[in-house]
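**Student:** Here is what each chain is made of, one letter per residue.
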Amino acid sequence: DIDDLGHKYHLELVLEDVLDKDSTVNCTAEVLYHLGNKNIAPDVQFTIEGELKNTDEADNIFYSRIKSLEKELVAENIPDSHGNVPPEMEPIHLLAWVASGYVIWQNSTENTKLQLGQIKHVKQMKRSDEYLEFDYLILLHDMVSQEIIPWHMTVLWHPQRGVQVTQ
Amino acid sequence: LPQIYDFMDLLVAENPNLVSKLEIGRSTENRPLYVLKFSRGGTNRPAIWIDTGIHSREWVTQASGVWFARKIVLDHENDEGLSSILDEMDIFLEIVTNPDGFAYTQSQNRMWRKTRSKRSGSLCVGVDPNRNWDAGFGGSGSSSSSCSDTYHGPYANSEPEVKAIVDFVNNHGNIKAFISIHSYSQLLLYPYGYTSTPVPDQAELHELSGRAVAALSSLYGTKFQYGSIYKTIYPASGSTVDWTYNQGIKYSFTFELRDTGRYGFLLPAKQIIPTAEETWLALKVIMEHARDHPY
Numbered sequence: 001d002i003d004d005l006g007h008k009y010h011l012e013l014v015l016e017d018v019l020d021k022d023s024t025v026n027c028t029a030e031v032l033y034h035l036g037n038k039n040i041a042p043d044v045q046f047t048i049e050g051e052l053k054n055t056d057e058a059d060n061i062f063y064s065r066i067k068s069l070e071k072e073l074v075a076e077n078i079p080d081s082h083g084n085v086p087p088e089m090e091p092i093h094l095l096a097w098v099a100s101g102y103v104i105w106q107n108s109t110e111n112t113k114l115q116l117g118q119i120k121h122v123k124q125m126k127r128s129d130e131y132l133e134f135d136y137l138i139l140l141h142d143m144v145s146q147e148i149i150p151w152h153m154t155v156l157w158h159p160q161r162g163v164q165v166t167q
Numbered sequence: 001l002p003q004i005y006d007f008m009d010l011l012v013a014e015n016p017n018l019v020s021k022l023e024i025g026r027s028t029e030n031r032p033l034y035v036l037k038f039s040r041g042g043t044n045r046p047a048i049w050i051d052t053g054i055h056s057r058e059w060v061t062q063a064s065g066v067w068f069a070r071k072i073v074l075d076h077e078n079d080e081g082l083s084s085i086l087d088e089m090d091i092f093l094e095i096v097t098n099p100d101g102f103a104y105t106q107s108q109n110r111m112w113r114k115t116r117s118k119r120s121g122s123l124c125v126g127v128d129p130n131r132n133w134d135a136g137f138g139g140s141g142s143s144s145s146s147c148s149d150t151y152h153g154p155y156a157n158s159e160p161e162v163k164a165i166v167d168f169v170n171n172h173g174n175i176k177a178f179i180s181i182h183s184y185s186q187l188l189l190y191p192y193g194y195t196s197t198p199v200p201d202q203a204e205l206h207e208l209s210g211r212a213v214a215a216l217s218s219l220y221g222t223k224f225q226y227g228s229i230y231k232t233i234y235p236a237s238g239s240t241v242d243w244t245y246n247q248g249i250k251y252s253f254t255f256e257l258r259d260t261g262r263y264g265f266l267l268p269a270k271q272i273i274p275t276a277e278e279t280w281l282a283l284k285v286i287m288e289h290a291r292d293h294p295y
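Sequence lines, in order, name chains A and B. Counting in full-length UniProt numbering, the first sequence runs from 1 upward without gaps. Counting in full-length UniProt numbering, the second sequence runs from 1 upward without gaps.
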């Protein structure tokens with residue numbers, strides 16, 4: 001408890017690569033939930049011990065593939081009702097995970113536990129610059145209230161420049 | 001749903017000396033509520049109850065229920081543990097505990113959780129069947145808004161799906177273990193959810209949970225946490241196993257199966273059998289304990 005400020009949590013955690021269970025890295029973090037105003041995202045400070053895997057090759061392959069599509073990408077229900085994700089949609093799925101992580105952080109309180117439930121709809125938007133832009137409609141699941149929360153997010157991505165999310 | 005009904009009928013037809021099908025009531029939309037009874041005879045033997053699919057979007061649970069039914073039939077003679085359980089006890093299995101919700105997840109909304117009851121004066125449809133039981137009904141951890149996914153309903157047992165089980169349990173009078181299966185989060189939970197006060201049997205239930213979880217993990221390394229509902233997941237009032245415990249059914253447990261959020265409710269089909277296999281090991285630990293500790 002930090003008077004007049006909020007609640008601070010000190011965490012020691014292990015990050016595990018979703019695509020490679022044996023690849024882990026230790027992490028320490030401090031999270032401060034602000035008192036009162038629920039519209040401010042919690043403050044997060046973290047340190048990673050070691051390095052995250054280099055993903056340049058996979059990133060560039062995905063980037064080239066999307067750039068060379070004749071028509072803008074459109075897809076629905078990822079995963080589908082039975083948990084299937086077509087292999088060519090896996091990077092779109094992973095990008096949604098990353099972007100929804102930002103949305104979840106911005107909207108978390110001590111009384112929420114949000115997860116990405118499903119991508120209902122994704123549409124690639126044409127851009128004149130080098131970025132890829134995807135318009136996502138996602139479903140978030142809050143474990144505490146058990147509610148399914150639809151959310152619209154616009155995601156920009158470039159292999160060297162990373163991810164940007166507008167909610 | 002029709003495929004599951006056909007499966008049940010086939011199981012009964014092929015194993016009439018072991019399996020029978022009971023109809024314990026009807027859902028809001030008039031679908032039958034079927035329970036499979038696995039019994040070697042006797043009259044009103046002490047029994048174990050297992051239900052899956054009370055929350056319709058938790059598809060790995062109904063699928064696991066189907067697998068459990070088949071497993072009992074395949075193993076009941078050659079598996080010592082199961083055989084000795086059935087020598088003394090009956091097993092009741094309700095695979096599709098919320099059929100209206102299940103049908104709705106197939107046709108309209110994959111993420112539907114509740115029943116499909118409609119009431120004049122209510123803005124939205126459906127009641128959370130795991131908040132509708134008469135144990136701390138209406139308390140914190142449930143919602144009084146009909147649009148909420150944890151809406152407790154206008155009064156306890158308002159949902160026919162819940163009332164049917166209440167009536168069954170009361171009429172049977174000899175149920176010794178009651179296990180309600182959900183997903184996701186990988187947890188094994190015991191009462192209470194409506195209060196932080198521990199149950200009198202806390203120590204025994206905690207020890208038993210530890211052994212059940214160890215058995216589950218032994219197969220594929222799947223990690224489960226365990227503890228009371230209130231402390232381990234969140235406060236929840238009007239939940240199934242709080243009511244069953246208060247009726248005197250000591251071994252009352254709720255499972256939350258795979259996974260921990262990567263796929264959540266949309267667990268890939270290839271994980272169904274491993275999930276059912278590992279869960280079955282935990283169920284056997286609980287059932288064997290109930291067999292060995294009559295009360």
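Hints may contain errors.
To be verified - Below, in silico cross-link-like pairs of lysine-lysine (DSSO-like), each with a Cα-Cα straight-line distance of 27 Å or less:
id	chain 1	residue 1	chain 2	residue 2
1	B	176	B	118
2	B	270	A	21
3	B	163	A	120
4	B	284	B	270
5	A	8	B	270
6	B	37	B	21
7	B	270	B	223
8	B	231	A	113
9	B	163	A	53
10	A	21	A	67
11	B	250	B	163
12	A	113	B	21
13	B	284	B	21
14	A	67	A	120
15	B	176	B	270
16	B	250	B	231
17	B	231	B	270
18	B	223	A	21
Derived by calculation from the structure, the hints in this document are not laboratory data.
**Student:** Hint by hint, say whether it matches the structure.
**Tutor:** Okay, the hints, checked on the actual structure:
Our distance criterion of 27 Å between C-alpha atoms is broken by residue 176 of chain B and residue 118 of chain B, whose separation comes to about 34 Å. With a C-alpha separation of about 18 Å, the suggested pairing of residue 270 of chain B with residue 21 of chain A holds against the 27 Å cut-off. For the suggested pair residue 163 of chain B and residue 120 of chain A, the alpha carbons sit about 35 Å apart, so the restraint of at most 27 Å is broken. For a cut-off of 27 Å, the pair hint linking residue 284 of chain B to residue 270 of chain B stands: about 23 Å separates their Cα positions.
Simply put, residue 8 of chain A and residue 270 of chain B have alpha-carbon atoms about 40 Å apart, too far for the 27 Å limit, and the pair is violated. Between residue 37 of chain B and residue 21 of chain B the CA atoms are separated by roughly 6 Å; this keeps the pair inside 27 Å, and the hint holds. Restraint check: the Cα-Cα separation between residue 270 of chain B and residue 223 of chain B comes to about 18 Å, which is no more than 27 Å; the hinted pair holds. Under the criterion of a C-alpha separation no larger than 27 Å, the hint pairing residue 231 of chain B with residue 113 of chain A is consistent with the structure, at around 15 Å.
With a C-alpha separation of about 54 Å, the suggested pairing of residue 163 of chain B with residue 53 of chain A is violated against the 27 Å cut-off. For a cut-off of 27 Å, the pair hint linking residue 21 of chain A to residue 67 of chain A is broken: about 30 Å separates their Cα positions. The suggested pairing of residue 250 of chain B with residue 163 of chain B holds, with an alpha-carbon distance near 20 Å, which does not exceed 27 Å. Between residue 113 of chain A and residue 21 of chain B, the direct Cα distance comes to roughly 40 Å. Violation of the 27 Å bound is thereby established for this hinted pair.
Straight-line distance between C-alpha atoms of residue 284 of chain B and residue 21 of chain B comes to about 22 Å, which keeps the hinted pair within the 27 Å bound. Between residue 67 of chain A and residue 120 of chain A the CA atoms are separated by roughly 23 Å; this keeps the pair inside 27 Å, and the hint holds. Annotation: proposed proximity of residue 176 of chain B to residue 270 of chain B is violated, straight-line Cα distance about 33 Å (limit 27 Å). Among the hinted pairs, residue 250 of chain B with residue 231 of chain B is consistent with the structure: their alpha-carbon atoms are about 19 Å apart, no more than 27 Å.
For a cut-off of 27 Å, the pair hint linking residue 231 of chain B to residue 270 of chain B is broken: about 32 Å separates their Cα positions. Taking the CA atoms of residue 223 of chain B and residue 21 of chain A, the gap is about 14 Å. The hint holds against a cut of 27 Å.
In the structure shown, a violation is registered for the earlier hints numbered 1, 3, 5, 9, 10, 12, 15 and 17, in ascending order.
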